[in-house]
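Use these hints to put chain Z with the ligands onto chain R, whose structure you have.
Listed below, chain by chain, are the residues.
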Amino acid sequence: MTIDPAILFGTPTPRVDGVAKVTGAARYGSDEPLASPAFACLVTSDIARGRITGFDLGAAKAVPGVLDILTHDTVGNQVKTPPGPDGGPTPTTLESDRIWHDGQIIAIVVANTFEAATEAVSRVRVSTVSEPPTASFDSPGTEVKAVAAARNGSAPKEDQTAKKAAADAAFAVAPVKVDARYATPPQHHNPMELFTTTCSWDGPKLTIYEPSQFMWGLKSAVARQLGIDPSDVRTVSRFVGGAFGSRGNVTSRTAWVALAAKRLGRPIKLVPTRAQGFTIATFRAETRQHVRLSATADGKLTSVFHEGWEVSSRPSSYKVAGNKATSRLYAAPSIATAVNVVHADRATPGFMRAPAETPYMFALESAMDELSYMLNMDPIELRRVNDTQTDPVSGLSFSSRLLMPCFDQAAEKFGWKQRNPKPGSMQDGAWLVGYGCATSFYPNNIGPAAARISLMASGRANVAMAAHELGTGAYTTIAITAAHALGLKVVDVAVQLGDSDLPPVPAAGGSNNAASTTHAVVKACEEVRRRLAEAAVAAEDSPFHGADPATLTLVEGRLQNANGQSEPLSRAVPRTGGRLEVYAENLPAGLPASAMAQLYDGRAMMSRGDSRKDVTAYAFGAHCVEVRVHSLTREIRVPRVVSAFASGHIINPTTARSQYMGGIIWGISSALHEATEVDPASARLINTNLADYMVPVNADIPSIEIIMVPEDDRRVNPLGVKGIGEIGIVGMNAAVANAVFHATGKRLRELPLRAEHLL
Amino acid sequence: MRPFSYARAPDLSQAVRLGQHTGQGQTDAPVQFLAGGTTLYDLMKLDVMVPEHVIDLTPLRGGHASITPSADGLRLGAFARMAQVAAHPVVRADYPVLAESLQLAASAQIRNMATLGGNVLQRTRCTYFRDPSWAACNKRNPGSGCAAVDGFNRNHAVLGTNASCIAQYPGDWAVALMALEAEIDLVGPLGARHLPFASLHRSADKQPHLETNLRPGEVITAFFIPATAYAQRSVYVKVRDRASYEFAIASAAVALEMDGDIVRQVRIGLGGMAYRPWRAHNAETMLTGKPLTDAAAEAAGQAAMEGAVGRGQNDYKIALGRQTIMRALMQAKAMPAPSRKA
Ligand SMILES: Cc1cc2nc3c(=O)[nH]c(=O)nc-3n(C[C@H](O)[C@H](O)[C@H](O)COP(=O)(O)OP(=O)(O)OC[C@H]3O[C@@H](n4cnc5c(N)ncnc54)[C@H](O)[C@@H]3O)c2cc1C
Ligand code: SF4
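So the protein lines, in turn, are chains R and Z. Per the numbering used here, the very first residue in the first sequence carries number 1; after that it's consecutive. Per the numbering used here, the very first residue in the second sequence carries number 1; after that it's consecutive.
Hints may contain errors.
[Unchecked claim] Computed far set for chain Z versus chain R, every beta-carbon distance over 12 angstroms:
| hint | residue |
| --- | --- |
| 1 | 2 |
| 2 | 17 |
| 3 | 21 |
| 4 | 28 |
| 5 | 133 |
| 6 | 142 |
| 7 | 163 |
| 8 | 183 |
| 9 | 188 |
| 10 | 191 |
| 11 | 262 |
| 12 | 285 |
| 13 | 292 |
| 14 | 328 |
[Stated by the list, open to error] Okay, the calculated bits of chain Z under chain R, using three or more residues with CB under 8 angstroms as the criterion:
| hint | segment |
| --- | --- |
| 15 | 109 to 123 |
| 16 | 318 to 327 |
Please keep in mind that the hints were generated in silico from the structure rather than gathered at the bench. Cβ atoms here follow ideal geometry from the backbone N, Cα and C, with glycine treated the same way.
Next comes chain R alone, as it looks inside the complex (with noise of 0.2 angstroms):
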């Protein structure tokens, strides 16, 4: 790329789209208005294993506007079942009698109105044969597999084998050891808007309008599943409430109502409840996990073993081991790790912000804390003792590494010098403070996309591409992208996004999309730049006639050269015909020729920051917090945090303030209040609405303040960005842990943190 990163970004910019926003006329899936829709509303089964012996819908078809029920016997073979997050198998819904989980779609009623299917599906009565289910980790009846920890391909096993040996060695003979078991629950996304669908068909084209991450995935999914071609089905999805990883592969809902819609030749809304969000998507399942740190007297780490377990579902093989990326975070000699997936019957978990780091992190940065008071040493410099430039297990170096530098600012504005180091001993009133830090990080990856841009006379131009605004300032990023690359303003740039009919790009999750798109969208714009010159210089009237071409640039609306001699574009852009109109694809470096392709056939290949071939990318953060437990009553709160983070070139500081918030809030809640609870005997989620689903509110979260460490790292990636979508949440449940323990003396290894445990 030949566009210095600092013209491009860092000017802290509104959202385009905050206005639309927040009146209401930004149109989220189930908004699109469409002529004479019927709605459709789930049953779920009320049991968690077994099979379903026969339904009696007599009082349902007799309410009134009731007009079709597709249960397993009516639809069962029509619709394939599609892939599990991981791309293996998944619980069937309406495609057998089979009962997998709690809260399955067992069968689907559409109705005129909303108000009669949801009556409808009150009068279903279903027969169920149920058989003894398992829950969770503790149940009888789990299957327990040893699996290998790389997402993709891995190391042989017996290198692990090996590293194991080695690291319990080291463990054996060092002078200071933690040896400690850490469990995280499940949790659920419950972003604000529900899990919808409509679909509609104009004779064999099918368009689906669904919050989604992944426009193009979605679209060639479903046309498999429907066994139709993916050129007959659009995706739309312009504004997304809120994804956090629940909306990046298809799920089950989607295909039964696209054929739901045919059988009945209309348009048909879902709009799911707020329960059904807890079991028709994907969830973060729990972990129990085992860290064995072992370190010299003077803090420097021997060995670091780190194996986890994790739920999923009979058949889902899903997991996200953590400790793949967690284990290159410190130096330390030698390093291994394990990951076993235990089977119960559960839904298939998926992605949930930053969904390896957050519950592995956990652990290990609890471990290091744990060690640190063994060590009698200071949090932050254990860190500093095993800070490291290299990537310890695959030798490669960062491309660019400023955790302390993260550290050290946090912990200044923090004011971590004040902290009396003695657990138990700061006390406020009647209640105890304790301060704690961790470190946070995240891998840097990008993949391939294509954008489209047209350049109108006027000096307007038009970006797009179908990329994903899930509340985190998509719109305005590529909009500021490209008006700094086309030397306008941002406002003369129209974004367009959200639309499988546009160029494809990656499911926006594990923080690629800012790299992803940013540099296809860059592309664009040097080619528009490339052919504006070549037509100013071939012509006779243009001040630049017979000029070099790449002497030329475009600033403030106009084509100039050095000398500041300039033309304005309603001359320029006519050169190259009505409007200049512009596809570009970008490749990252790393990945195949192939990739692009695949893009195209709803397969997103990323260039992942812990599996490079050169460097290991990674963006670094530290956080510092405050909590209070009542001497008494022992209620945890978190006065304040402070937060610093280094990730590469920030493209909207606005917009990455509202991300890392978010992250920090998030891990917040993940310390203290988020756990879904399975019933242990009948394996049914049992907090499946948001008064007993606990989130933070707002007199929860007082003061957070956060820091953008500058970054300029070309390794990472040409443009040098980092992306930031889950570095804020990374590290946080183990910095208020910490904290905990820094206020009280007592060590919590299993979240949520609550009163109980302290009492």
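For chain Z with the ligands alone, kept in the frame of chain R given last:
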């Protein structure tokens, strides 16, 4: 949600007549009164309450929503909104525990809708009760069993339960009413009644589906709280999992009258851990006539939790209850001496 008919009761006598089949708020009663709707509509949407007829009592706000302080005490119309009462200067000054327990409940939006009468009749938050897909719930479906006894019971009651139901009464304000020995006015098909608030809710017996002693068609019209010195020195401590918009995991309403260092009178109401709005009589007796030391407060807390039964996940409430009472007692002690004399 099921279709239902809706009628407004123009006045009290019509309300009582239309409400003859309210069946003490049982989930299967064919008729339900509607006040602010924040409990009723919630449970209707969850398919827990399935009334055929909803009788809207809103017109009664005209005559039964005023806040009337007098030298004898405080009279509150049952249709006053939670927010209105929480903000009233006399309530805040002379009955702080009432104002605090309302202010710390629910959210601003709910407090603006919800009425006092509806508030004391709010239903348990037991998740098995609130989701009819669970078959076993004696409170919802008499005789079906109790899914919570061996299930998820972290926020279930430890005081006043038995194996037929371990649900807790979740409200805050009723806890303060217990401490201040409030009284209620009722009007029903058989005429008007006046009851101690303490006798409104039933104790756990084998009939958890019957929560109150209200007779069918009876409307709560007013609350009366006697003016006392201890009401002025009163406090509500609410322990909860997050800082706002959350039910208690333990709460204590303490009203205290001191004579120098000696406790002259004390009243203790407990919430978040009992089957019904609870009063800790034995703890009160222990404290009366003695200096209020940390040790005395702890012993009182211990005494209040005597007989508490944990069911696993809620075992912690026995210790937490003790600590909560201690905290509330010490906070009340730290308050300035009240102007009103006994
Ligand atoms: C999300 C949420 C959080 C909440 N958090 C809290 C909390 O932290 N603390 C707390 O204390 N409460 C909390 N609540 C409960 C809330 O306070 C009650 O829902 C509210 O007070 C009920 O009052 P209402 O007027 O809306 O009652 P309604 O819903 O109208 O009525 C409730 C019941 O009482 C009956 N009824 C109402 N008025 C009368 C009357 N005058 N005479 C006879 N019967 C009558 C109705 O028939 C109905 O059965 C919360 C509620 C919600 C939804
Ligand atoms: S505790 Fe009471 S309300 Fe809850 S399930 Fe048992 S009987 Fe029902």
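Status of each hint after checking the structure:
Here residue 2 of chain Z does not stay apart from chain R, with its beta-carbon only about 6 angstroms from theirs, under the 12 angstroms limit. Listed as outside the interface, residue 17 of chain Z is consistent with that label: its C-beta sits roughly 29 angstroms from the nearest C-beta of chain R, beyond the 12 angstroms cut-off. Distance to chain R confirms residue 21 of chain Z as a non-interface residue, since its nearest Cβ pair spans about 22 angstroms, more than 12 angstroms. For residue 28 of chain Z, the condition that its CB be more than 12 angstroms from all CB atoms of chain R holds, with the nearest at approximately 15 angstroms.
A beta-carbon of chain R is positioned within 12 angstroms of the beta-carbon of residue 133 of chain Z; the least distance is around 4 angstroms. Consistency note on residue 142 of chain Z: stated as away from chain R, and its beta-carbon is indeed over 12 angstroms from all of that chain's, at 20 angstroms minimum. Every C-beta of chain R lies more than 12 angstroms from that of residue 163 of chain Z, the closest at about 16 angstroms, which supports listing it as non-interface. Listed as outside the interface, residue 183 of chain Z is consistent with that label: its C-beta sits roughly 31 angstroms from the nearest C-beta of chain R, beyond the 12 angstroms cut-off.
Consistency note on residue 188 of chain Z: stated as away from chain R, and its beta-carbon is indeed over 12 angstroms from all of that chain's, at 32 angstroms minimum. Non-interface call for residue 191 of chain Z relative to chain R: holds, since the shortest CB-CB distance, roughly 38 angstroms, exceeds 12 angstroms. For residue 262 of chain Z, the condition that its CB be more than 12 angstroms from all CB atoms of chain R holds, with the nearest at approximately 23 angstroms. Residue placement check: residue 285 of chain Z keeps its beta carbon more than 12 angstroms from all beta carbons of chain R (closest about 23 angstroms).
No Cβ of chain R comes within 12 angstroms of the Cβ of residue 292 of chain Z; the nearest lies about 15 angstroms off, and the non-interface call holds. A beta-carbon of chain R is positioned within 12 angstroms of the beta-carbon of residue 328 of chain Z; the least distance is around 10 angstroms. Requiring three or more residues with a Cβ within less than 8 angstroms of a Cβ of chain R, the coverage given for the segment 109 to 123 of chain Z is violated, as only 0 such residues are present. Judged by the Cβ-Cβ criterion of 8 angstroms, the segment 318 to 327 of chain Z is covered by chain R as claimed, because 6 of its residues qualify and three suffice.
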